[in-house]
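K.L.:
Sequence:
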Amino acid sequence: MNHPHAGEQGLNTYYDWPELYEATSPGVPGDISFYQAQAGRTGGPVLEIGSGLGRISFALARAGLDVVGLELSPRMLEEAERRRLAQPDLRGHVQFVAGDMRDFSLGRRFPLIIMPYRTFLHCLTQEEQLATLSRVREHLAPGGRFIFDFFLPDLQLIASEDSSYHFRGRYRHPRTGRMFLLWEATEFDRLEQRIDDHLFFDLLDEKGQPVQRVYGSFSIRYVFPAECTLLLRLAGLELVEVLGGFHHEPLTEASTDAVWITQRSVSSP
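Number 150 in my numbering belongs to position 24 of the sequence shown; there are no gaps in the numbering.
For the record, the hints were derived by calculation from the structure and aren't laboratory data. As the structure is a computational prediction, the values presented were derived from the model and not from experiment. Glycine is no exception: its CB is placed at the ideal position from the N, C-alpha and C atoms. Careful: at least some of the hints might be erroneous.
Label pairs and their in silico Cβ distance ranges [to be verified]:
{"#": "1", "residue 1": "ARG234", "residue 2": "VAL392", "range": "15 to 23 Å"}
{"#": "2", "residue 1": "PRO152", "residue 2": "ARG316", "range": "23 to 31 Å"}
{"#": "3", "residue 1": "PHE293", "residue 2": "ARG234", "range": "44 to 52 Å"}
{"#": "4", "residue 1": "GLU375", "residue 2": "GLU287", "range": "30 to 38 Å"}
{"#": "5", "residue 1": "PRO279", "residue 2": "LEU211", "range": "33 to 41 Å"}
{"#": "6", "residue 1": "ARG235", "residue 2": "LEU329", "range": "41 to 49 Å"}
{"#": "7", "residue 1": "SER391", "residue 2": "SER286", "range": "33 to 41 Å"}
{"#": "8", "residue 1": "LEU329", "residue 2": "SER231", "range": "34 to 42 Å"}
{"#": "9", "residue 1": "PRO351", "residue 2": "ASP315", "range": "15 to 23 Å"}
Whole structure, please, built from the sequences with the hints as guidance.
P.N.:
What follows is the structure, encoded as structure tokens:
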């Protein structure tokens, strides 16, 4: 199986298939309860950047918090809105809006902004990273906090050769209940710190026979901890604490994830 090169802007067609995304990207264990606890301390409202299908936005709303979810993908946004309308008890607490994290203006500020599940890694250049952090800073209320997370680079994996397509797993479609197979290939650009991931989904019928193949992809730029600390400083955000996971583990060399708790710098314009 061949895969197209993702190009300068990346190919994020993975998000054109919301239900396949949901089945294969369930989140990081502990992230929902962590963000609920952080949001509970502020009382809301909360801005979630990269809200996707509303996995975390709805969880915060169930805890009685008002949430605005910002999402770039039209298909993800459409499905999230459908789910919002199907939950009358949550409709008044959640609002989904279309927007790009690199360039958005909502005309209001929030005591808490969150960017869960590695969304920040979709910034593919330093310019995009700083533009995103600048937009976040401008939407923070005085004393407000910005919390986000991403996985830490696996140096062994990055040093390996680009992978050909390999079998990643067998999953159940959340709507039809039928199984599908996932094949994955990965390209690394070590100079640009970029990963292009290519995915083929083989949808199966009730007898387990392939009936349809769809393609998805996404591009990310991995970030090192010292690099992120500098980006935050340049964007006028103060680092309050960095954790090694959602159970308040300390960040160590063995950590696979980092959770960043920041606030708007008092000295920033």
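K.L.:
Compare the structure with the hints numbered earlier in the document and write down the numbers of the violated ones, lowest to highest.
P.N.:
none
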